[in-house]
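Protein chains in written order, with this note's numbering: chain A, 832 to 1287; chain B, 832 to 1287.
Among the hints, erroneous ones may be present.
Identical copies look the same in the list; a pair holds intra-copy or inter-copy alike.
Here are the computed lysine to aspartate or glutamate pairs in the EDC-like style, where the Cα-Cα straight-line distance is at most 20 Å [stated by the list, open to error]:
1. K925 / E952
2. K1068 / E932
3. K1007 / E1264
4. K985 / E1047
5. K1125 / E932
6. K985 / E932
7. K842 / E892
8. K893 / D871
9. K1007 / E880
10. K1045 / D1118
11. K1164 / D1225
12. K1191 / E1233
Quick caveat, the hints were computed from the structure, so don't treat them as lab data.
Nothing here was measured: the structure is a model prediction, and the numbers come from that model.
2 protein chains.
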Amino acid sequence: MVSAQGIRELKDIVGKNRCLTAPEDLMVYSHDVFAERRPDVVILPMTTEEVSRVLQVASREKIPVTPRGSATGLSGMCTPEWGGIVMAMSKMNKILEISPEDRLAIVEPGVITQDLQEAVERAGVFYPPDPASQSICQIGGNVATNAGGPRCVKYGVTRDYILGLEAVLASGEVIKTGGRPIKNVTGYDITRLICGSEGTLAVITKIIIKLIPKPEARRTLLVAFRSIDDASVTVSKIMAAGILPRALELMDHQYIRITEKNFKLGLPVEAAAMLIIEVDGFAETVDRQARIAKEFCERQGAFDIKLAESEAEADRLWVARKTGSVALFRLSKMMLTEDATVPISKIPSMVRKINEIREKYRIPIYLLAHAGDGNMHPLITYDPQNKEESERVDNAVKEIFETSIALGGTLSGEHGIGLAKKNFLHLEVTPAELQVWKNIKKSFDPEGILNPGKFV
Amino acid sequence: MVSAQGIRELKDIVGKNRCLTAPEDLMVYSHDVFAERRPDVVILPMTTEEVSRVLQVASREKIPVTPRGSATGLSGMCTPEWGGIVMAMSKMNKILEISPEDRLAIVEPGVITQDLQEAVERAGVFYPPDPASQSICQIGGNVATNAGGPRCVKYGVTRDYILGLEAVLASGEVIKTGGRPIKNVTGYDITRLICGSEGTLAVITKIIIKLIPKPEARRTLLVAFRSIDDASVTVSKIMAAGILPRALELMDHQYIRITEKNFKLGLPVEAAAMLIIEVDGFAETVDRQARIAKEFCERQGAFDIKLAESEAEADRLWVARKTGSVALFRLSKMMLTEDATVPISKIPSMVRKINEIREKYRIPIYLLAHAGDGNMHPLITYDPQNKEESERVDNAVKEIFETSIALGGTLSGEHGIGLAKKNFLHLEVTPAELQVWKNIKKSFDPEGILNPGKFV
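Build out the structure end to end from the sequences listed, making use of the hints.
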């Protein structure tokens, strides 16, 4: 609970219009895709100084503060587990600078990821990370969760594109980390410690983003296989053969069927699996890379290979990949999107095991994967009101995580831990390792006011 | 000082042959390129368990422990400032696994960087970071210092190639961070916190290294300019034009002259500056990239452009870049290699300022730079016995750092802070930021036994 005096102080800092307490406002800021928790008050800061002053009050009064972007997260990372303040960064949404010469952009955290991408591409440079929610998610949330996406197989994740940050500590103190230079080894890497810390260490108020030259061409293939084993073996062979596609996505039979049923795209519903393979780079090389990838697929038994002849056709090939999960989300009462991630060579084993789990627990699992980096996305639909079914789902999810860890994988490739996976952490992390995290958390936030109740 | 009882315990752990106390042995392990400090005892562990047991003794007895690789560092990072134990990792030197399929290698810290590079290239994969000392330095030291090198302009630094670590905390507890998956967002990024921490947080005992496909071709240009301004403007224009060379190195007039004088390579000594521009990738594209780079140089007033027609010729073009600093090092009583780093667009300003500093303090400065990422290497030779000259050098160094920071740069692009730059940290880092580092240090190493007396 925030006291009436506390609310008054917060209103003094940001003004009435950006300090929300009406129940309908609180509801809007109470959930992400996974969880729902009601805050006591929502603050919409517009400056770093406001963030700092709010945190000073929160620190003094020991009020929990949960920073959030667009709340497109899938693990309950930005829901205010212990109530208190939700600090929504959407009004700090300016692109402050784009410098192709220094290969960087400087932005506030509330900038929509796709707006950033379009702005830098107009300037001839490129920001690769492309989380599925890029049209609505905020770059600050991407940094806080170290977001991924299909293109990350070639280009790396959000973490690899952050040169520096301005952030506010729990105490209200403002720090900067890193800076404009591309290379920087001065002191501890606080930039990457805050990146992926899910709002538990500091509130990000400014981001220096590294940019790269924009690839001039891409070629996209959509390939159908009669066996999912053939498809997943193809993935690991392509990667080992020196082709690094900019995307290498896998869809299984269940996913293809539900997508075709809902969208009538003309997909080969007899396929056991499909791959999207996208290569990019200089114009001269994309054709050769596409040809090599095609030959691999043929040798591995692919029976239907579509090679896009234009940008528009390439976009059409992506429709199947992008719409299926939306359809599933709409059709189901609840959809879980897991993201257990394994070494690339273990993809065939992981896929086989997911099929076993589907049978064993009699639940619908639709398998999507950023296969190129072993990042599986089993989508599970169910009715959370049905207790017996929910239990089967819980057990299936647990077994998916156990399998991933047993194969040398991790609980989360890109969605984060948040609330969803904190109870599974012991599978991957030893008590000594968790203690290291807790010590760091304590060193940043001794009162534990930043996003409490989460993974650390 | 380590007590006789302490020495006996250490000998019990690693055996007499790997617990060195003879003065001549201690001398061997007492310096890097920058500083010299005598340890009380040198331990050469062969297993993680030995590292752990040594740290348990050190923790209990509060003995400083300074881990080191080949001590090729330039900032006094691995010299035992407070004596105690030097833990030399050279005997933990096994390549445990190379998996092209999973795009990774697993190695012990004592593996020589070039041995690793050659081994993975034989397997068809590629480890890009290439510090100048790659033929003798150890990969563990590269991780501890987040080492760079010429190829890092395109491929990123050591940090970008570490998937996970095994490390031993000051307490002797063994932790692992990250893992085999390419993508991993489970918990805080301890991997990158330890990377670049200069031995102050943990002793690295195993490294999971990310590999990428090996580029199939490269083209190398050596380009001479009549004005250093033209050369440095060329650098920033090439970068802004969408060409990302795998190396973009600058040498100034002083450096060219001293190199030619000592090695008679046929360099154009009338040049005010030279650039090495190296592009790589698929065979079809390197020619076009090289042509574009060449056109840029011509338009910017280059008067002598050599384009290597073979691998052997490419290697020859690199000779000038690589031998000059060796010559200087041998010819001088003392050579400082600074690495202040600026945003790419500020290279022309930084170069002009270094020329002013050279005049102002009347000291020889030879300028090398990984210009593609703004990483300057002013080499300063002097006689440390000459007090008056040393003072001028100190003042010049200070002004170089101040200039770098004023231009939005950093104290260190790749050489680290260690002892050399700790007195300059206040130029770049606020007390609040330094406190964050100190808090982290304390959370890892409450007794302060790991590499004490350094930057944190």
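*Against the earlier hints, flag every one the structure doesn't satisfy and list their numbers going up.*
none
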